[in-house]
Amino acid sequence: MNKTLLANIDDPRSADLDFYEQNGGYESLRKALPMDPGVIIENVKNANLRGRGGAGFPTGMKWTFASGDPKFPKYLVCNADEGEPGTFKDRPILEKNPHILIEGMAISAHALKSDYGYIYLRGEYPDARVILEQAIDQAYEKKYLGDNVMGSGKKFHLSVHVGAGAYICGEETALIESLEGKKGQPRLKPPFPVSVGAWGLPTIVNNVETLSNLPLLIRIGPEQYAAIGSPECPGPKLYSVSGHVERPGVLELPMGTSLKEIIYEHCGGIKGGKTLKAVIPGGISTPVLPHDKIDCPMDFVNMPKHGSMLGSGAVIVMDESVCMVKVCLRAIKFFEHESCGKCTPCKDGTGWLRRILARIEQGEGHKDDIDLLVSIAGNIAGKTFCPLGDGTASVVQNFVKHFRAEFESHITGRGCPF
Amino acid sequence: MIKVTINGKEIELEQPETILKAARKAGIKIPTLCHHDWLKMYGGCRLCLVEIEKMPRLQPACSFLVSDGMVVTTESEQISAVRRGVLEFILINHPLDCPFCDKAGECELQDAVYIYGPSSGRFKEQKIKHPENNTDPLLARNMERCIACTRCVRMCEDVQGAYAIAMTNRGDRTLMEPFSGNRFDCEYCGNCLTVCPVGSILSRPSKSSYRPWQMDANIATVCSYCGVGCLLNLQVRDESIKKVIPVEDAALRSSFERFGPGVAEKNTEKNLYENSVENRKSLNRGLLCALGRFGHEYVDSRERLTSPMVRKNGKLVETSWDEALDFVALKLNEIKNSSGGSALAGIASPRCTNEDNYIFQKFMRGVLGTNNIDSTARLGFAGAQAYLENLMGQGITANPISDLEDADVIFVVGGDPTIATPVLGLNIRAAAAKGAKIITLGRAAGLGRSKPKEITANLFTENKVLERLLALLFSKKEMTGELPAFEEKLKAAAAAPPAEKTTEVTGVTEAEMAEISEIVASAESFAVVIGSDIVQRAAGHCGLFCLAGISYLASGRIFLLSDRPNEQGLIDMGCLPDRLPGGQSLAIDGFRKKYEEISGLTAPPDKGLTLFPMLKAISEGEIKGLYVMGENPALNLPNWPAGDTRKSKIKSLELLVVQDIFPTETSAMADVVLPALSWAEREGTYTNLEHRIQVLRRAVKNMTYGRDDWRIIAEISSRMGTAMKFSSPADIMAEIVRVSPVHRDLRYPDIEKGTMLCRPYKGQPSKSQAGGVVHGEGFKDLIKTCDRPGGSLDDKKSMHRDFVLLLERSLFYSGVTSRKTPALSRIRPDAAVLRMHPEDAAPGLVEGGRVRVSSPSSEETLELETVFDSSVPRGAVKIPEYLEDLGVGALSLITNLPVDPVTKAPAFEECRVTVEAV
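Sequence lines, in order, name chains Y and F. Just so we're aligned: 213 in this note's numbering is position 213 of the first sequence, and the numbers increase by one with no gaps anywhere. Just so we're aligned: 769 in this note's numbering is position 769 of the second sequence, and the numbers increase by one with no gaps anywhere.
Honestly, the hints are just simulated from the structure, not real lab data. Treat the numbers as computed from the prediction; the structure is a model and nothing was measured. Check before you lean on any hint, since a few could be wrong.
Said to hold, decoys possible - Derived pair list, reagent style SDA-like, types lysine to any residue, alpha-carbon separation capped at 20 angstroms:
#  : chain 1 : residue 1 : chain 2 : residue 2
1  : Y       : Lys183    : F       : Met167
2  : Y       : Lys333    : F       : Arg173
3  : F       : Lys127    : Y       : Arg359
4  : Y       : Lys183    : F       : Phe179
5  : Y       : Lys182    : F       : Met167
6  : Y       : Lys189    : F       : Ser63
7  : Y       : Lys182    : F       : Glu177
8  : Y       : Lys189    : F       : Arg154
9  : Y       : Lys333    : F       : Arg154
10 : F       : Lys124    : Y       : Asp371
11 : F       : Lys129    : Y       : Ala358
12 : F       : Lys127    : Y       : Glu364
13 : F       : Lys40     : Y       : Trp199
14 : F       : Lys127    : Y       : His337
15 : F       : Lys124    : Y       : Trp199
What the hints assert, rightly or not - Across the chosen pairs, the derived CB separations fall in these ranges:
#  : chain 1 : residue 1 : chain 2 : residue 2 : range
16 : F       : Lys3      : Y       : Asp115    : 39 to 45 angstroms
17 : F       : Asn134    : Y       : Lys182    : 26 to 32 angstroms
18 : F       : Ala433    : Y       : Asp292    : 55 to 61 angstroms
Beta carbons are placed, not taken as given, at the ideal position from N, Cα and C, and that holds for glycine.
Using the sequences and the accompanying hints, generate a full structural model.
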């Protein structure tokens, strides 16, 4: 398959507007501007584009809700707060191919009748900020942004807003709070951002990768687009692979490529010829899969059938040398640190889990601790304000489910066997 | 119609509500912690999660709206487990220090755990520690106990509008902090205390002193500070007020916070709850201010007057009541017999009850034979109200404070309502939060967050601005014909000078005036809030005329701010030189005859002196005897006649009687000092600025030899040969309702029921009274004075070589009782400073340097530290109204203020002082 999202990113000029234009850049925007906004939304629906941020919500449906709201202005927000451990798929777009995102946002803004857009960028991507702002300046110069986009009369202004490093701001309502200048904490839903979002106005929040799919979708049309990868959720997909593989990195593959194929064919297999122990397939909050359960198509529909989720497509590969208790502890430490403090189960539960896991890892575990962990996780799961708590619970539940023996050996052996 | 089923019970609702509210209607209790009825929805604690049919996840009842056909279960095995789990999570980091936590016994977490919590804990790790922070003088923060419900923050931001605190950090390190990290430095309303469900925010004055169940009594009464008259609950133990909480808070706690699972609310308790919500809507809505909440310690002060005192050989010495009262009766008789009643005068008190003030004026008129009766209400409120009523009809200022919240345009003139009347100020902030436009003319920093349209006029040119606004509005609005005489005068007044001239004088552009008049003209519900600054002018009544006109043209309501608890009451009781109780003019014989008939005494027919002519008459020796009840004029008034020194006897006075609860600057000069009772020790009624009459209840026993103000006067009266046979305030009220037409048919039980007893007390709030207006006497004269409403200000452009003295009011300090309240003194910001514009500083004067302030008319001088502040108008200096550190009021410098010819209020723009570097 030809790369589109990551096309030409090995070329040093890839972030430059001229280079992007020479390779057919902004042609899709030119094609989209005369189109009726409703038709574009129909195309997105027909293409069955699903949000790439992790939840896989049908983009066309979100757009239909937003365009149905009579309030204006509407805000289009690109969620570039890529903060989940293991996830770095958006980074090459932001740093190497920023114009595909800008073009995608301009097309989306036309479809959504939105005049103002923001790129909410994670604070830890300082280079991306510089690159994006340069790209935006270039796009303004060439009238791809501004009061009269490509002479069509369409207005679209875009700017970058840098977050302050909170994972929770990847959740769209917390992102909006942060964008408004407040502490990043999720809001009550309903109302959903598509009707009451930033500053009380309709706001559409889409992931970097989702928006970057628009130029391709417009160029080849919904039928051809829908033919790429898995039929239920087609299109190209970025997988960010890290851990014990020979060739880690970001891959652009058709949606639904099998996890096994990704690891063994595209990434050259396990590093140093060791054996695989476990894979976290979609970022740290998705359930871990043991080595014998990785023959599964990596898409939104099939992964749940195999006991995990696609998430952001962040594949973390762990070989036989890795202590699963330590991985679990490390993950929970992350969630404890990132819990925003709004709701009780996540606020207090994650810290409790971490303290128990730390004890087990240090060899001070008690035989009842494993059941306690599962019970605490159960008291968190489904009870929290936002999905952060569910992610926390699922990490503990799945590590214990698949690797209970390792937990037990930490307790009986009074320490880490690795 | 929406039908929902909760626990098998079908409920029909008119419109979507939260599951929690719907369940309450059906008498089903769902436990909550972060939810509070007065605050925005939050959904954080997760204690109220319920099952909804066909929904995979549990949903929070506090914030999930019902929809038609929804089937909800609030009690099940699963939900019980969830509640146990949530409470277990809260308790892991919550210190289990209930045995010494002040909140134990009224802690919502304790209650919730008692009913829903796990019976044992599984937590074996280290709890997170946060040492208690006691750096603030009034509020202690114990963040170990904080459950991060954010109720305090939501109260502070969304209701109080102060934005003084925030939740900081994340996860289980989340805690509330004021922005300094230490002291709160806020408005100290303490409303965060009201909503904190646990013992995280505590009042330091009452901390570690008692437990809730150790209280002897909870007494619902009225606040003693400003004219709003908030309802308070005094928590009393051992004859001492330990803590003040809002009445509604107490009602809420006792009614619905303490139920078992699924228990239907009992009827009585439900009524209590609903009643409390009604109260909340109608007056202070469960909110208090710093003075109301923390300003009660003076009752217990050791400085209280404990015994009568009579001046002997130049010194005040303690005597028996009999001796003191006989002495007063004797001296008063002497003066009356030798010089006549007109040589006697009385100053009544806006801090005393209606009954005290009624007896006071009855004594002055009927026994001493004088109409020389006035009070500090003359500083603005009394004259302004009389003038407005004369123009527009009696009761024109009797508008419910809660109406402010529904106004869409509010014009605030002449003072900061968030300082003079803090809880009324909250109504304005609430209106702004709902989208109302606020326009300010004059100082109103407390409304800064309500995005006011500020009219910044040159110093003392407000009347010119108002005159122009009136003219512009006149051209935009049709007159209704409701008040023909007033309309005639409006027509004349609307022929205002050309715009350029106004702009030249005021510094306000015509475009700005046009914009503001357009906002007012397009208002659907307009309100004018008038503070005393605009009244205290040489032509103050002219500004009032314009405001009356603006309000009339825009169909507005007028709110006259009052910073004393019973200014309205003392006016209603006839403590005025020209009016009998009920606002009846003394000049109308029929009124006087009726008054004499019912009271059984004779009232002199001629008008008495208003306050400032009265002070002048004292200086000039025309008045020989002055009776002061519950007031400290030597501190609170300009133009006070000087003795040899500030604390010596005034030579021209043969007798000065002071009735008070503290020794004051005035009592130091007195011949006789009589100890009275404090607000918490007596009964009676107060009338607030919206004319609501409310009952004051006795909360503590008097520990001094003090007596009720009215009893002292009745005693003197009988010693002078006129018996006053009253046994209680209710007795006095029985006579008041016969004398005063506005109090007709009112009885104590009516007042005690008391939610909406506004004047006319048996009917609707009386804006409509304006329709049937009967103009008071002298209406024609009043209008004549205002033929040019801008007054003589044309000539006032040039400033004197000296500075104009502006007095700064503090939110934490109101004059007398607040001075004797340590809690308030501790939060009072730096006191003895003078603020001036940096460009006004004389050569050699540096910031922080000391200056001497003097006035040509007084020998007094003040030495103060300078602070440069570019918000002070050029040519003016600002000094706090009370300089406690120096033991003086800034007004003691001022001895020669002229008064407005109509309202007789002092002209504060004539406060001229000289400022020299020391």
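Now for the hints, and whether the structure bears them out:
This hinted pair checks out: Lys183(Y) and Met167(F) have alpha carbons roughly 9 angstroms apart, not beyond 20 angstroms. Straight-line distance between C-alpha atoms of Lys333(Y) and Arg173(F) comes to about 14 angstroms, which keeps the hinted pair within the 20 angstroms bound. Distance hint between Lys127(F) and Arg359(Y) is fulfilled; the C-alpha atoms sit about 15 angstroms from each other, no more than 20 angstroms. For the given pair, Lys183(Y) sits about 14 angstroms from Phe179(F) by alpha-carbon distance, which is consistent with the 20 angstroms threshold.
A distance of roughly 11 angstroms separates the Cα atoms of Lys182(Y) and Met167(F); the hinted pair therefore holds under the 20 angstroms criterion. In summary, the hint linking Lys189(Y) to Ser63(F) is supported, as the alpha carbons are separated by about 9 angstroms, within the 20 angstroms threshold. Pair hint Lys182(Y) plus Glu177(F) holds up; C-alpha atoms about 16 angstroms apart against a cutoff of 20 angstroms. Restraint check: the Cα-Cα separation between Lys189(Y) and Arg154(F) comes to about 18 angstroms, which is no more than 20 angstroms; the hinted pair holds.
Of the pairs offered as hints, the one joining Lys333(Y) and Arg154(F) is violated, with about 30 angstroms between alpha carbons and a cut-off of 20 angstroms exceeded. Between Lys124(F) and Asp371(Y), the direct Cα distance comes to roughly 14 angstroms. Compliance with the 20 angstroms bound is thereby established for this hinted pair. A hinted pair counts as satisfied when its Cα atoms are at most 20 angstroms apart, and Lys129(F) with Ala358(Y) qualifies at roughly 19 angstroms. Of the supplied pair hints, the one linking Lys127(F) and Glu364(Y) holds, its CA atoms being roughly 18 angstroms apart against a limit of 20 angstroms.
For the hint linking Lys40(F) to Trp199(Y), the alpha-carbon distance of about 17 angstroms falls within 20 angstroms, and the restraint holds. Straight-line distance between C-alpha atoms of Lys127(F) and His337(Y) comes to about 16 angstroms, which keeps the hinted pair within the 20 angstroms bound. Distance check on the hinted pair: Lys124(F) and Trp199(Y) sit about 44 angstroms apart at the alpha-carbon level, beyond 20 angstroms; violated. The supplied range of 39 to 45 angstroms is met by Lys3(F) and Asp115(Y), whose beta-carbon atoms lie about 42 angstroms from each other.
Checked against the given bound of 26 to 32 angstroms, the beta carbons of Asn134(F) and Lys182(Y), roughly 30 angstroms apart, stay inside it. In this structure the supplied range 55 to 61 angstroms holds for Ala433(F) paired with Asp292(Y), their Cβ-Cβ distance being about 60 angstroms.
Checked against the numbered hints listed earlier, the structure breaks hints 9 and 15; every other hint is satisfied.
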